[in-house]
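Starting from the given sequences, assemble the full structure and let the hints guide the process.
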Amino acid sequence: MKTKSAINMVVVIVLIAAFGALAIFGLNIGALEIKPLTSGISQGLDLRGGVSAVYEAIDEGQSDYENLLSGTMAVLRNRLTGQGFTEATVTQQGTNRIRVEIPDVSDPNEILKIIGQPAKLEFKTADGEVIMDGAAVKKAEMGYLEGAPVVQFELNGAGTDAFAKATAENIGKVITIELDGEVISAPTVNTAITGGSGYIEGNFTADSAQNLAMLIQSGALPLDIEQLEVRTISATLGEDALSTSVLAAIIGVALVILFMLILYRLPGVVATLALLIYILIDLFLLAVLPGVQLTLPGIAGIVLSIGMAVDANVIIFERIKEEMRAGKTVRASVESGFKRAFTAILDSNVTTIIAGVVLMLFGAGSIKGFAITLTIGVVASMFTAVVVTRFLLRQMVGLNLTKHSLYGVKEGNA
Amino acid sequence: MKFSKNFKFTVLVPALIVLAGIVVGIACGGMNLGIDFTGGTMMTIDIGQDFDSSIVRSAFVGQGFSDKDISVTVSGSGAEAQALVRFPDTNDADKENEIRANVEQEIKKTYADAAVASTERVGAVAGRELVLSAFTSVLIACALMLVYIWFRFELHFGVTAVAALIIDVTVMISMVTILRLQINSSFIAAVLTIVGYAINDTIVIFDRIRENNRIISRKEMTRAELADKSVKDTLPRTINTTITTLFTIVTLYVLGVNSIKEFALPIIIGLLAGNYTSIFIAPSLWGLWQDRTDAAKAAAKSGKAKAKKA
Chain X
1 MKTKSAINMV VVIVLIAAFG ALAIFGLNIG ALEIKPLTSG ISQGLDLRGG VSAVYEAIDE
61 GQSDYENLLS GTMAVLRNRL TGQGFTEATV TQQGTNRIRV EIPDVSDPNE ILKIIGQPAK
121 LEFKTADGEV IMDGAAVKKA EMGYLEGAPV VQFELNGAGT DAFAKATAEN IGKVITIELD
181 GEVISAPTVN TAITGGSGYI EGNFTADSAQ NLAMLIQSGA LPLDIEQLEV RTISATLGED
241 ALSTSVLAAI IGVALVILFM LILYRLPGVV ATLALLIYIL IDLFLLAVLP GVQLTLPGIA
301 GIVLSIGMAV DANVIIFERI KEEMRAGKTV RASVESGFKR AFTAILDSNV TTIIAGVVLM
361 LFGAGSIKGF AITLTIGVVA SMFTAVVVTR FLLRQMVGLN LTKHSLYGVK EGNA
Chain E
1 MKFSKNFKFT VLVPALIVLA GIVVGIACGG MNLGIDFTGG TMMTIDIGQD FDSSIVRSAF
61 VGQGFSDKDI SVTVSGSGAE AQALVRFPDT NDADKENEIR ANVEQEIKKT YADAAVASTE
121 RVGAVAGREL VLSAFTSVLI ACALMLVYIW FRFELHFGVT AVAALIIDVT VMISMVTILR
181 LQINSSFIAA VLTIVGYAIN DTIVIFDRIR ENNRIISRKE MTRAELADKS VKDTLPRTIN
241 TTITTLFTIV TLYVLGVNSI KEFALPIIIG LLAGNYTSIF IAPSLWGLWQ DRTDAAKAAA
301 KSGKAKAKKA
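Residue numbers (our numbering), protein chains in the order written: chain X, 1 to 414; chain E, 1 to 310.
Watch out, some of these pointers could steer you wrong.
[Said to hold, decoys possible] When the alpha-carbon atoms are kept at most 25 Å apart in a straight line, the in silico SDA-like pairs for lysine to any residue are as follows:
| no. | chain 1 | residue 1 | chain 2 | residue 2 |
| --- | --- | --- | --- | --- |
| 1 | E | Lys261 | X | Gln293 |
| 2 | E | Lys95 | X | Gly116 |
| 3 | X | Lys368 | E | Leu33 |
| 4 | E | Lys232 | X | Gly327 |
For the record, the hints were derived by calculation from the structure and aren't laboratory data.
Computed from a predicted structure; not experimentally measured.
The structure is reproduced here in structure tokens:
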């Protein structure tokens, strides 16, 4: 019994140290590479800096609105990728909102202007008759013509036919190319163009030609959108927020551990080990669960849940103390203390989880991120309190560490 | 200690705080609403040293804003000093870029390290919706918690626990109004946290009441007395759990950046309020109410018995 408990304790401590080191430093042995856990946690915009914007789609009354909205989101995504922002996210918010988050961006307004553009491209005859629109363009890219930047395009089958017909009928006349109702190019037709490709000249710089090509390529926005809000956070502000929060978390945890050791002695040691395991589980869940993003309120949620994680231990230890004062042996006190504290822990945590889940479902933006970290924290803390703490305390009893003073209770009381 | 005997006095404390909140609110023209609610633009500028806010103000006036439309708040001091500037929405990204560049340049003439750290532009509609969605979430959460507690305990427990929670939230809102803290989405998140957390302490005490309620008969002591005993039984753990949580959240407040501070402070207030209502209000309220229900039941019973006799 005693040797078994001693081995169990050593195994637990070695495992905590090993997983802790793994989480912080990662591992790299030959083909086996494990990244540090902290690098697996994706950070919200408020921590890494960037811009978030919320757009509202106008003309909600249209039939097939949902498809148009998801089409709009797809176009926004294409445009962002086309601009090199592969980490940007586009999500739907409510029924008619689109939230765009772009990390690591230096000139937010510029990029927001580009992606929010309706980009309705039209080829028109001199009489104002529409030959075709942007949907007929298969491919568009920036190129140079006599040293000046132009946008080269290739048409699809229907576009090729329409363009061939129109150019044949309009030789010597002007065909205008309009973007969102504004004429960007008005070339005169010299010969019929049957090959299905051409180029748009205009007063382009390399950048503006590149942008126009990207807009044509990604297609027009199926719905007009209006910017509702924009938030920009500099990367340094986010870094400061993260580093001070991490420091606060470390100091906070140290204070909690100190408090538990002084107040509860041996169970305090158990609580410390359980807390370390809890933090590891929490970080692990944050890193592996999809869609979990660490935000500023999220960090607060974690730090708060660390304080709360100890709560269950306090409830159990106080109960064990009570049982010991009532004259039970340490072994009996541990068992009945656990049993009796369980309903309190279960009910109090379930109410918190109820609140967390409601916030997850109904809250928006940063509130959602916070609710997720809080709920993960509560679930993880319940597990460590009920399973880990119990296991460790049993090992303590198995080691014959049963003097009352070790549990913060005066010997005479027994 | 006779918590329930002093219920009239203990309930006065939150009542007075709420009253003070209303008075200050009326005197100062309402709450200090952030741009999440009012709409507008907020620019946070790192100044890097203690500064004269009139210089920041005049930089904005130079951009064509009228003096009364601009509000400049000083936050932090020394190397961490920041100016939080609110100005009306320009509705124009180019114009905003221009303002940002010009203002930064202007302030740099006096304070060389000045740099714009963040800008936020919010339409007023979004704020109203945020409040509405927060309000409905709290209502739904409260209703579900009430049902859960009703199911696990009894209806009286559910109602008093949720009543205590509502007091906590009202006290938080009042204190934030008194301290003139800005009400924004961080504050809403803080309120929601407290809704989730403050009920914990109450439940832990109610758990003991539930246990004692089974063991101790009504002849031995009234339910109000039983509530007092249960609070006393669990006092160390109620206080210790709050202390451990305070350790982490206060450290966060002391060390954190501004946006963390404005989240942490309301939580600290809410934690203390939650602890207070868990000890002094919820159990007494339950006990007094239960005694009254018991008395009413007994009266109805004896009334019936008398009617039978007659």
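Status of the hints after comparison with the structure:
1. E/Lys261 / X/Gln293: Since the Cα atoms of E/Lys261 and X/Gln293 sit roughly 21 Å apart, the hinted pair holds (cutoff 25 Å).
2. E/Lys95 / X/Gly116: Distance of about 17 Å is within 25 Å: holds.
3. X/Lys368 / E/Leu33: With Cα atoms ~22 Å apart, X/Lys368 and E/Leu33 stay inside 25 Å; holds.
4. E/Lys232 / X/Gly327: Given that 25 Å is the threshold and the Cα spacing comes to 20 Å, the pair holds.
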